[in-house]
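2 protein chains.
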Amino acid sequence: MVDTVDNQPPHNVVIVGGGFGGLYAAKALSRANVNVTLIDKRNFHLFQPLLYQVATGTISPADISSPLRAVLNKNKNTKVVLGEVNNIDPQAQKVIMGDETIPYDSLILATGAKHSYFGKDEWEKHAPGLKTVEDAIEMRRRIFSAFEAAERETDPEKRRAWMTFVVVGGGPTGVELAGAIAEIAYHTMKDDFRNIDTNEAQILLLEGLDRVLPPFAPELSQEAATSLERLGVTVQTSTLVTNIENNIVTIKQGDTVKEIPAHTVLWAAGVKASPLGKMLADATNAECDRAGRVVVEPDLSVKGYPNIFVVGDLANFSHQNGKPLPGVAPVAMQEGEYVASLIQARLNCKTLPQFKYKDRGSLAVIGQNRAVVDLGFIKLTGFLAWFAWLFIHIYFLIEFDNKLIVMVQWAWNYFTRNRGARLITGYEATIAKDADGFYPPAVNLPTVNV
Amino acid sequence: MVDTVDNQPPHNVVIVGGGFGGLYAAKALSRANVNVTLIDKRNFHLFQPLLYQVATGTISPADISSPLRAVLNKNKNTKVVLGEVNNIDPQAQKVIMGDETIPYDSLILATGAKHSYFGKDEWEKHAPGLKTVEDAIEMRRRIFSAFEAAERETDPEKRRAWMTFVVVGGGPTGVELAGAIAEIAYHTMKDDFRNIDTNEAQILLLEGLDRVLPPFAPELSQEAATSLERLGVTVQTSTLVTNIENNIVTIKQGDTVKEIPAHTVLWAAGVKASPLGKMLADATNAECDRAGRVVVEPDLSVKGYPNIFVVGDLANFSHQNGKPLPGVAPVAMQEGEYVASLIQARLNCKTLPQFKYKDRGSLAVIGQNRAVVDLGFIKLTGFLAWFAWLFIHIYFLIEFDNKLIVMVQWAWNYFTRNRGARLITGYEATIAKDADGFYPPAVNLPTVNV
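Sequence lines, in order, name chains G and D. Just so we're aligned, residue 1 is where the first sequence starts under UniProt numbering, counting upward by one. Just so we're aligned, residue 1 is where the second sequence starts under UniProt numbering, counting upward by one.
Derived by calculation from the structure, the hints in this document are not laboratory data. A quick note: this is a predicted structure, and the numbers were derived from the prediction, not measured. Do not take every clue at face value.
Same chains, same names: a pair is fine if it fits in one copy or spans any two.
[As the list claims (entries may be wrong)] Here are the simulated BS3-like cross-link-like pairs (lysine-lysine), alpha carbons at most 27 Å apart as the crow flies: (1) K278 - K125; (2) K190 - K252; (3) K358 - K323; (4) K41 - K125.
Work out the full structure, taking the sequences as your base and the hints as a guide.
Here's what the structure looks like:
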């Protein structure tokens with residue numbers, strides 16, 4: 001609780017979402033003369049850029065999760081509330097959580113995005129995406145279960161389908177997943193089976209555009225594709241997925257239609273904004289783009305509501321170069337910090353110039369020792385890029401929580417090529433099996449044929 | 001595959017269960033002239049003695065799990081099969097897994113035990129036990145969710161029920177859980193909340209007998225109780241639980257009946273053997289005791305079936321001092337190794353004296369810095385005991401898998417009193433809430449009122 005000098009009640013800032021945008025806003029407000037309430041439906045901040053490492057059995061969820069209360073417990077002006085916002089009342093200046101309402105003077109919405117299937121929601125059960133810890137555990141279960149099923153399968157054709165891994169989407173997440181699965185199959189588990197040869201696993205990376213990592217410079221896309229091929233990944237660009245069902249992925253390449261039998265299909269192709277964007281748009285007449293993002297003003301506020309801000313993946317900020325800023329952590333962090341500064345400036349009856357994103361570059365990791373880094377003024381590939389990637393990720397990861405452990409884990413894995421976190425878990429994994437006598441897929445995906 | 005010198009087909013050893021008993025048997029057979037098939041329904045060995053640390057947010061499941069294939073991948077005579085044994089045919093010498101049958105010459109059953117509610121199975125949904133990774137994640141979710149619910153609850157009585165933690169059973173697991181929850185409430189999370197004071201949390205440890213840690217010497221039980229009280233745990237011995245429902249635990253102390261309102265009830269009171277014991281008994285006329293354990297011969301074989309062995313928590317071995325050996329890891333490890341030696345001796349037309357358990361002592365940890373160790377010839381308490389406990393657990397933990405990481409994690413936690421793994425996870429945690437507006441309990445426990 002904060003007392004203002006002139007005995008006015010303190011300014012209430014409510015932040016919805018504890019991802020990069022929300023958390024950086026809260027941290028930037030830690031010494032401000034305001035009361036901060038951070039609402040999240042999860043009790044931890046998730047370092048999403050490394051989630052693919054959970055999905056592929058290198059590290060544990062807790063290694064990249066920081067309890068929000070622990071991160072913010074020194075911020076005496078900040079209160080963390082675990083709960084889900086159901087609606088926003090911009091006239092009464094309140095957010096609604098079930099029966100409870102929380103009043104705000106300034107509101108920051110930062111609830112991010114989840115994966116999207118471009119209207120083909122029925123694909124989700126066949127091809128899970130990667131946004132939450134549960135998603136990652138589910139991917140991990142499917143990847144490692146597929147090898148187990150192949151080991152037990154005697155029919156060569158069915159076995160091939162278990163040994164085929166299709167990653168849809170050639171952005172950073174898709175590239176990282178495909179590279180990691182190649183390492184699992186061709187290195188980590190090469191001595192682990194007696195009936196199958198994991199070298200026979202096929203890993204396909206499908207991308208609709210004509211190159212992987214489309215946001216990067218073309219020469220880095222080329223380098224990434226070459227590195228992936230060297231790891232054993234089959235990269236197929238200009239390839240559209242037209243259907244996913246019954247363990248068959250149907251693709252279209254030009255006029256050619258092909259069917260790929262595969263039990264494990266991983267989705268890394270698209271995102272849509274959290275439903276809170278639509279709620280806000282309904283309540284304020286703000287505009288949403290096709291991905292559900294709220295179109296924001298140059299100061300990240302909502303048109304007509306200067307005290308409501310949207311940051312991170314939920315925002316469509318197009319005032320810099322005409323197209324929306326990308327949905328990456330640095331954008332969210334800078335936006336969160338900008339809004340925190342703007343709120344403080346306004347309390348001092350000042351204002352700030354419009355938000356401007358400082359692009360410090362893009363990184364994607366391809367495998368152990370290999371990454372591509374595009375810093376604009378310099379482009380790195382290979383080991384040096386991997387090392388830069390590692391350094392930057394560890395730097396940001398340990399910022400809140402001193403996750404020393406991840407560094408040790410990585411060093412260990414690096415030298416041993418070990419993957420100790422390849423557990424097949426989930427309540428369902430312990431309970432029942434499907435008609436093939438194998439563990440069924442996701443807890444919340446009851447109808448899948450895996 | 002192993003060729004025998006005289007071109008006989010190699011002897012097939014089938015081991016069911018990859019816990020301490022099964023895994024130590026498999027490892028002891030690594031250079032034997034036999035084919036080993038290890039069947040488990042999970043793809044990892046779980047170091048159960050540290051599972052309470054997962055349940056209380058100190059370490060991650062992968063930190064105490066070793067992929068069975070990785071542990072055994074150097075054993076060229078060993079094959080790991082992921083699957084569940086549904087039946088045993090001792091006449092045909094086969095185990096049955098769905099449509100598949102696996103022939104054996106020697107069979108080792110080591111499927112262990114799970115928690116038991118003494119016929120009150122309806123208590124399970126209110127008071128989860130701690131045997132699997134999923135159990136631990138569920139306990140963790142309940143413990144940390146309870147503090148979150150208390151923070152949001154305004155009614156003081158309801159809040160008290162959220163802040164009351166009841167651990168049923170004063171054996172090592174109960175003592176370890178109660179001590180860890182006290183540290184969470186009174187140390188780890190003391191600065192984390194704004195509405196509640198975590199010092200007001202009540203932690204009750206209930207034990208039916210007249211002292212905690214009944215297998216230990218009475219003076220160590222006394223020391224453990226004193227240490228627990230000092231940590232803030234209320235220890236209630238000679239206390240029987242007569243009912244658990246609607247967030248109320250009913251207890252009986254002599255003639256007095258009391259009701260304790262508590263949302264979080266953790267079960268550490270009893271175990272029953274895996275259902276495979278009953279299957280074997282039905283197939284072989286072997287005797288099962290009340291806990292479902294198979295009564296074994298002095299050489300751990302089943303009466304009338306000298307090539308079927310039962311080891312670990314599934315076995316009732318009473319030939320040493322008249323009562324069954326306890327269900328602890330060292331018993332299972334020694335039994336597994338004994339059976340491996342016996343099988344090899346028999347292949348060389350030799351035999352072995354009957355199994356004899358070498359009791360090297362008992363340990364239980366109470367909190368950071370505090371444990372009790374009973375080595376028979378010496379009894380330790382306090383920091384020295386804690387250090388012995390730590391050393392012994394790390395020694396066995398790193399044996400298979402070089403889990404260096406756990407050591408670093410512990411060192412880190414020790415100095416920071418941090419608990420980074422306190423995630424509230426599970427698909428349900430992300431989906432719906434109960435009537436109280438709070439996250440519902442377990443994924444597979446649909447009817448609980450938490």
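Now the hints, each set against the structure:
1. For the identical chains of this complex, K278 and K125 are intra-copy neighbours only, at 24 Å inside a copy versus 38 Å across copies, given an alpha-carbon limit of 27 Å.
2. Taking the closest pair of Cα atoms, K190 and K252 never come within 27 Å of each other, the shortest separation being 32 Å inside a single copy and 57 Å across copies.
3. In the homo-oligomer, the alpha carbons of K358 and K323 lie at most 27 Å apart inside one protomer (15 Å), although the nearest pairing across protomers, at 72 Å, exceeds that limit.
4. Taking the shortest alpha-carbon separations for K41 and K125, both the intra-copy value of 23 Å and the inter-copy value of 24 Å come in at or below 27 Å.
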